[in-house]
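A.B. asks: These are the residues of each chain, in order.
Protein chains: 2
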Amino acid sequence: MAGSSPDCGIDSLKPFFYPRRIAVVGASRTPTGIGHRILESLQKGGFSGTILPVNPHATAIAGLLAFSSLKAIPDPVDLAVIAVPPHTVLSVIDDCAAMRVPAVVLITAGFAETGGSGTSLEEQLRAKVRQHGIRLIGPNCFGLMNLDPAVRLNATYTPAIPPTGRVALASESGGMGLAVVTAASRLNLGLSSFVSVGNHADVTVNDLLEYWEQDQATDVILLYVETVVNPRRFRLIAERVGRTKPIVVIKAGRTQAGQSAAGSHTAALATSDTAVDALFKQCGAIRATTLEEFLSLATGLSNQRLPSNRRIGILTNSGGPGVLCADSCAGEGLMVPELSKKTQAALASFLPPTAALNNPVDVIGFATEEQHAQAVETMLQSDEIDALIIVHVSVRAKDNDPVAAGIVRGIRAARRAIGQKKPVYLCWMAEGDLDRTFTIDGEIVPTYRRPDIPPRILRHALAYEAWRRRPIGPTPSYADMDLSTAKALCAKALLERGSGWLTTEETHALLGAMNLPLAQGAVATSADEAVKLAQKIGYPVAVKLASHHILHKTEIGAVRLNLQSERDVRDAFEAIRARLTHENKLDAMEGVLVQPMLSGGVEVMVGMSRDPLFGPLIAFGLGGIHVEILGDVQFRVAPLTERDAADMIQGIKGYRLLTGYRSRPAVDIKGIKEVLLRIALLAEAIPEISELDLNPIFALPEGHGYKIADVRARLDGPKHMAGGE
Amino acid sequence: MAGSSPDCGIDSLKPFFYPRRIAVVGASRTPTGIGHRILESLQKGGFSGTILPVNPHATAIAGLLAFSSLKAIPDPVDLAVIAVPPHTVLSVIDDCAAMRVPAVVLITAGFAETGGSGTSLEEQLRAKVRQHGIRLIGPNCFGLMNLDPAVRLNATYTPAIPPTGRVALASESGGMGLAVVTAASRLNLGLSSFVSVGNHADVTVNDLLEYWEQDQATDVILLYVETVVNPRRFRLIAERVGRTKPIVVIKAGRTQAGQSAAGSHTAALATSDTAVDALFKQCGAIRATTLEEFLSLATGLSNQRLPSNRRIGILTNSGGPGVLCADSCAGEGLMVPELSKKTQAALASFLPPTAALNNPVDVIGFATEEQHAQAVETMLQSDEIDALIIVHVSVRAKDNDPVAAGIVRGIRAARRAIGQKKPVYLCWMAEGDLDRTFTIDGEIVPTYRRPDIPPRILRHALAYEAWRRRPIGPTPSYADMDLSTAKALCAKALLERGSGWLTTEETHALLGAMNLPLAQGAVATSADEAVKLAQKIGYPVAVKLASHHILHKTEIGAVRLNLQSERDVRDAFEAIRARLTHENKLDAMEGVLVQPMLSGGVEVMVGMSRDPLFGPLIAFGLGGIHVEILGDVQFRVAPLTERDAADMIQGIKGYRLLTGYRSRPAVDIKGIKEVLLRIALLAEAIPEISELDLNPIFALPEGHGYKIADVRARLDGPKHMAGGE
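The listed protein sequences derive, respectively, from chains A and C. When you line the first sequence up against our numbering, it's residues 1 to 725, in that order. When you line the second sequence up against our numbering, it's residues 1 to 725, in that order.
In short, the hints are calculated from the structure, not lab data. Mixed in with the good hints there might be a few duds.
Listed below are the simulated DSS-like cross-link pairs for lysine-lysine, each with C-alpha atoms no more than 25 Å apart in a straight line [said to hold, decoys possible]:
| hint | chain 1 | residue 1 | chain 2 | residue 2 |
| --- | --- | --- | --- | --- |
| 1 | C | LYS653 | A | LYS653 |
| 2 | A | LYS421 | A | LYS245 |
| 3 | C | LYS281 | C | LYS673 |
| 4 | A | LYS398 | C | LYS44 |
| 5 | A | LYS553 | A | LYS707 |
| 6 | C | LYS14 | C | LYS245 |
| 7 | A | LYS245 | A | LYS341 |
| 8 | C | LYS44 | A | LYS44 |
| 9 | A | LYS398 | A | LYS421 |
The calculated label-pair distances, taken between Cβ atoms and stated as ranges, are [stated by the list, open to error]:
| hint | chain 1 | residue 1 | chain 2 | residue 2 | range |
| --- | --- | --- | --- | --- | --- |
| 10 | A | SER69 | C | GLU370 | 34 to 42 Å |
| 11 | A | GLY600 | C | ALA466 | 24 to 32 Å |
| 12 | A | ALA405 | C | GLY442 | 41 to 49 Å |
| 13 | C | THR289 | A | PRO337 | 21 to 29 Å |
| 14 | A | THR32 | C | PRO159 | 39 to 47 Å |
| 15 | A | PRO353 | C | ALA463 | 39 to 47 Å |
| 16 | C | PRO159 | A | ASP435 | 16 to 24 Å |
| 17 | A | PRO337 | C | ILE629 | 23 to 31 Å |
| 18 | A | PRO353 | C | GLN43 | 26 to 34 Å |
None of the values given here were measured: they were computed from a predicted structure. Every residue, glycine too, gets a C-beta built ideally from N, C-alpha and C.
Work out the full structure: start from the sequences and follow the hints.
C.D. replies: So this is what it looks like as structure tokens:
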């Protein structure tokens, strides 16, 4: 592999995982030095290739022949692991280039995470590796592992080796990687490989997702990230990878307080958590919020099939913990159906008379191995449940072995008899025996300590499976959208006035170009003109201030609804003018917008704001107070697929109001969907539009479309699309 | 103590906790028998008094002199622990009565939890112990413990003894009690006493709360319950006890699925979780939803002071876990404030240059004992934070001892220097050393494994402290309420028509008696009459069907709003009549209610429903779709205090709408509060009112009160007040 020409595809990552010759540059003789510890980890881990320590002051380290520099190594090197002081890193990279080393893991800290000169050093570093076609993991990282028994690569500074399994892990935090890697044995969590991406100056989580997509050894991918690098690329890759391999993510720095911590840690860019949540929803990534959920999902999803439906059987030897498990099922939207008379009779034939048979099935504290075996087999074979959770509380320590044996026997019998692959999860509350693992003919049964965990994992598994079953769906385009007119209009406004809000006339023209039907109406600059317009439209009408400087019109009484007569219109115009005069803002009055009085539909709103990293965020909610006060709003990141638009509409709590509530008819959901899709296309096409607010939109009864009653749009000078990778 | 006359006060419970002579009835010779195991537990636990085995077939058991029956024991017995088959229990109780045994723990199962004849056996049992003045714990229980070193009482069938501490535990589930008691040592959770209440045929959790209120050894009370026995008494006791000792509760069987499990387990009555949640809020009980939260609260609250405010300092040696902790703080509504330049400078003077100083403070992976000690002390002494969370990830196993020593030194120094009592919580992620405990001069520092736990405990602690600081407040009464008229009206309706909805006239009279101002208006039985009423009221008016059979008027178009003229009113009347004729329901039409058209306020609703166990539940929300579709509603259990009413109003998400939103004025919150309080008093006074719905109520601007636009009330024949204890 050495000497092959590196590129940016996944082949360029192979030397990280399958090197034959590894140089450890900065391998110190003092055992506490990081370089030395990496050397030890490689040796203790039983690396199958050759380890080449590099140290200018030593001829042998830890029993290995040492080289004074990379260049002194006679043969090609596949991977260089570098742990030298930051100021010497660039010259070591030059040596790598000279030696045509295709891959570098840079442990050294002191780069962008420290800000200032560290940031510029990292930029030089990136430029240099890109120039030479070297792939780089780090800097400021903890190393990497490949647990493939044919490789046995531990290039980190912990000697702890996780069991080999089917979960790949990438972590932006070294400490989090360390925590997972060291806990893996105890948790019976098997890993395929682990990468500490550090500051991800070159290789990112996105690259690794593509590598693990192809990796035969990996079934489940775990990510701990503080920054979503290039969200658009992440989305494209994740939604493709997610079709076959679940991706479980902790995105830390979720909240204001968390973000400040992330900023100081790995130079994370501040990103809006709303956008992160939306993006993960769209690409099917499973978001874990705690470390425990993260690890539990990993053991659960990598060892058991996804449940085919939400009917959960619970088998316990203790009422209380069984009730807590059932409570948790209900809280997660799962069902704990009462078992049929037939299944209950089967259970009754071998369980003690005081056992509870309906579900949760309580075999009672002192149930035997045989009773456990039969109960497990009976429940697994029943077609009344889609997954089984076993909750065991140890009553006597000496019962643990027989109970465990009974559980194993029961699962084995069910698996053999009918090839039953229904998922099984265990909650093993046996003090003094908490870390017992359950493996049956190679199948690991995920084992947790608390009864509320398995239902949570099953809920995630079901949601992921539901996402996977549905096609991503197209991002439609509309031939009747006149984007060039829209662009010209925005360019002109920016040129003439710079950043700011569009005028009423401009916003109307913009919506017109997008073929989004605005409620009929026009701007009048005098009371007479307003009356003429009202007569043309027909009473009742609405009269609203037209101004691109004053945005909150309702607050100053500048929205007058349900006007019935010429007198009303004239009064409204004068009242608005008087108010502005009083507030010394008459200059801001472009006139008044006279519109027909809309009613009879449901008021909804569609909005767009632009996140510096994630790009356009599209919002949907009911109009009025629902978005602002109750926060009942759904966001998605553009581009929107039809499925995204449908999910947004169905995702609000007030959705029932749109499908026909009480005597009201169902509204034209197809029409609202189209507004969302057109606005997303507009936002994508014209990055100068920084904010957009269609509020209210009157969603009319099915088949009748909608009317946009009010709209605001803001332009800002062009910005860089962030997140370049 | 033996021979003293038992009563129902807490003195009658003392023999359970401080017996000198315990008889174990059913102490079998076979070591697997439960009686034998209890004997063993008493012996192994080092019980300070005398143990008296009772067995008709043995003269000695486990080296102790055995008696053939209770009556054969020559001296008085303070406590009998009974583990005999269910059918012999009553005769053993007779023996207890003959021997004047004041207290019995009944381990035996096979009572109400099995239903049928078990239920009637339990009723006989209760009658018998009450008749003889014997206090009884159980049946179907796991025993009890008193960890007082002067007593050392373990009358359970597990030999595991928790450390002595200041937490009392009562559990309705034996398995849950077992799980907590066996885990306590590992978790460094010290208990004062433990009672497995089983089916609580006599002694209930309420009795135990009163006992532990007086118990000098107890600071924190833990309850695992599946039924709230006598919620009214629970509330009175809990709100009093909670003033000095926090009560942490898991109420299992929370949800539909969970309840079916609870029903089969300890014959729990199905109770509405809404009522449970409301009750706990009202009496300040801290509700834990998972076993982990339950145990974490116990160690947290029993060992550290409550924080005085929400500013949290985080000290970590690893960025990622620090970020997760900060995320969790933000999620729990806590603040992680940036530290002052002064404090940062102090930290910088001894921390490595790459340390993060702002908060979370990241001392970096390899920080020394001394650096930890100084950082802990500096943060604890800073007046910029109210609590400290330390998050440690072990990088090298050999660092654990010095880091732990540094943390201990830092805390000790801070505590001594300025008597600083600020709470400290630890997250110790050191694989292989997870169960390390931290005790400093007798102070236990609560230690968890995951960084999201301490913020959750601190949030609960702050909420509890806020509850405790506020007075419970009075339940006001109103001299202008004419309850006797209201009662007479309801009695008459029940007598005449039996259970069912009140007529429009009756509901108006009922509200009138309560001095709750209904919108002006009256019932018309013809179109002419409706027009006359409308003219008297003045246009615009509302015309609504008056019927006590048809409740959902909007759905059938029987609510006509904003009628402007005689013609409109006449049309409305005819349209409603036509619709009812069409649906063959004309008989249900009492007429139409003609009301002035209300507007200008905010629509809210007040409701009441009656839970069979918890009694009247009062509801408050915004009108319209907010309650039904968005679920933005607050419940409390009657009687309501002024504080409860205020909390309900402030508790809805839409509260901002009531305090003046945009151009709208603030509404008359005092008035709404009065509606809630009057309705609660009405519900308390007239148990026959089973449902009540004031919807919509127009809350008018401050100082202008409110108008009730519509009301429905249902009567049901008198029911027993449930939950007798």
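A.B. asks: Hints the structure violates: just list their numbers, smallest first.
C.D. replies: The structure conflicts with hints 7, 8, 9 and 11, although it agrees with all the remaining ones.
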